[in-house]
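Visitor: The chain contents come next:
There are 2 protein chains.
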Amino acid sequence: MKIIEGGIAAAKGFYAAGLFTGIKNKRKDMALVYSKVPCKAAGTFTTNLVKGAPVKYDMEMVKLSPYAQAIVVNSGVANTCTGKTGMEYCRQMAEAVSTNLNIPQDSVLVASTGIIGKQLPMDKILWGIENLAPILGNSPEDGTSAAEAIMTTDTKKKEIAIEFEIGGKTVVMGGMCKGSGMIHPNMCTMLGFITTDISISKELLQEALCTNVQDTYNMISVDGDTSTNDTVLLLADGMAGNPEITERNDDYYKFLEALNYINTYFSKRIAEDGEGATSLLEVNVINADCKEQAKKLSKSIVSSNLTKAAMFGHDLNWGRILCAMGYAGANFNPDTVDLYFESNAGKIKLIENGVEASFNMELAKDIFSESEVIITADIKMGNEKATAWGCDLTYDYVKINAEYSS
Amino acid sequence: MKIIEGGIAAAKGFYAAGLFTGIKNKRKDMALVYSKVPCKAAGTFTTNLVKGAPVKYDMEMVKLSPYAQAIVVNSGVANTCTGKTGMEYCRQMAEAVSTNLNIPQDSVLVASTGIIGKQLPMDKILWGIENLAPILGNSPEDGTSAAEAIMTTDTKKKEIAIEFEIGGKTVVMGGMCKGSGMIHPNMCTMLGFITTDISISKELLQEALCTNVQDTYNMISVDGDTSTNDTVLLLADGMAGNPEITERNDDYYKFLEALNYINTYFSKRIAEDGEGATSLLEVNVINADCKEQAKKLSKSIVSSNLTKAAMFGHDLNWGRILCAMGYAGANFNPDTVDLYFESNAGKIKLIENGVEASFNMELAKDIFSESEVIITADIKMGNEKATAWGCDLTYDYVKINAEYSS
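Heads up: the protein sequence lines correspond to chains L and X, in order. Okay, so the first sequence: first residue is 1 according to this note's numbering, each after it adds one. Okay, so the second sequence: first residue is 1 according to this note's numbering, each after it adds one.
Simulated from the structure, these hints should not be mistaken for lab results. Accuracy of the hints is not assured; some may be wrong.
Note that identical chains are pooled: a pair holds if it fits in a single copy or bridges any two copies.
Said to hold, decoys possible - Cut-off 27 angstroms, straight-line C-alpha distance, at most; resulting in silico cross-link-like pairs (DSS-like, lysine-lysine):
no.: 1; residue 1: K84; residue 2: K380
no.: 2; residue 1: K349; residue 2: K63
no.: 3; residue 1: K169; residue 2: K26
no.: 4; residue 1: K347; residue 2: K365
no.: 5; residue 1: K380; residue 2: K202
no.: 6; residue 1: K24; residue 2: K347
no.: 7; residue 1: K291; residue 2: K2
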């Protein structure tokens, strides 16, 4: 597996573009992704009962339409809580992409992110689609331009591409995603788009995505708010020329491994770029009875406001971590827990069997002051484990969210 | 029902005192509550799997001991994650109170709040008990002194007393409580102590408390972190001389009403004095199918970091409220929701059937800028309702919690 350039436009046959259309004040706000040939498409979507119009639209398209060939995305306005008008605007976006790219309307997927409750400015959206179509390209700059256009409060663009071998052929997979608030995915994260030239059946493409988001996007939390618009879309155009994957064979697991690499990479980038965040928190719960238990405990820790605020202050208030485990809704024995802190500065055991271990306080503070901290809780019950990612809670989180729609 | 002075020491036979012993740097840090005669005792405790030693101690005492006659409380150190030593310190605290007040050791309840993971400084605790016993009193100043001594990051003491008639007798009920972080009670809140001179059976006393905390303390959230030390204790010494309440008759419901008055009062005071809070948020969900649904939805709204940050910024980002309802885990139809905002500045309908209603934006901002805001969501499904309380999320919340143990 090798990291390469190109992001969402890296895989054979894929093109991308990003543009400023005026939906937002300054930054690029629309992206278009296009495949020369029809693709198999898979998608996972928010479990929030309040779903954005684009989520409802895509859920149906991914399920019913045999192929997808383009994704159009806008940032700035989420098209959520917008009633029938919102649904009609999704259709109009797809129609405009269909006309401009000369592809079937039911092969266009749509996504929106931004403020809830406002209608899309359709004049800007339609102007954007008209002007994105002619500038589609497959250079690294084109991928980057699209990745920039889907950002909202993100401070960094998030893209990656990798190549690997399957059936003697070089396969490429690339993607882009965006955070960074209302992040507590349940099914998938905010917006993530992945393209690959692998040849695979639609069923296995969907299965791979559904399986993998459980261990990646669903294990991050920035603020505990599950968005209304969470969407991950995965397109495969088959142009790598590998023998089509139609069963769970070695090729499938190689593909799953590559998908996991990209989704884990994105999960960490989203967590560390959480609104206002200054650091990435990785939490491992090991030696659990079952995976579900390890997931609940690790996710509870990364979701705890008190732990997150303590992390921001580099304040070694470890009781908050045990407290967060205690209300996670998973059973364990507090009196047998060991807790480790680890970062570039070193590793220490902070708690042994539920009470404070003797450790070097200076070293502990140094470890907790790094921009990436790993906490490991050994609950000594079995052999299962899980990892969750989060970030610290800072003044800037409050600032960003106190002023967001103003 | 009449509000009177005296707080925890208002009811006949009850005495209280507060003292600075040096556990904390400056403020009073120990309180003692004493009843001249043995009391029936009821208690509710945290559901966190990680329970402070005093919680484990009291759970057993309330269950097994026939009477209670004193409560000793310290702030500054929680005596949690302290192993066998922590349990032994609870016993030593009870023993010292027993000796100093000449009452049975199993009639002493203990409570601690503060940092997790440190052992209690027993020299200061024992000195405190010795010096609290002689200064017990039943003036309003004594009640206030005790209420001050249990505060941690609270900015205001929380106490109240009321009197009401039962069976031709005047009954008094008073109490004190403390917040203000790690507040997301599940069974009860941080620390709440209520004393009353009513005559009632132990079974009904416990039943009344258990029932009422479901609608009061369990409906507040400051930060989503359920504490390890949540405790509410209710003592009744019977000195009012009313016919003992031994069944769910009118007298019982009058008592329940009084208890609800005090617990609702405390719930609102804890929410509005949440760490760093500048405002109180009250959320009503009305016309729900069942109470559980209304509770889940209302509690999800007051717990949403994004809603809370928007409230701090007086930012009318109502989509976050619908979003929080959507991930509450309770079923409803987003397309039929009406949403109202109300405060001293007026009342408006912000959402009608799931989409933005037409309203006066200036008035809406004025309403949202008051220090007490009521949000009502009408979900049009049935006749049940619930109320939850919370506060805004501010820079100061982060500041307080980034530096708490340093």
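Visitor: Hint numbers the structure violates, sorted upward?
Guide: 2, 3, 5, 6, 7
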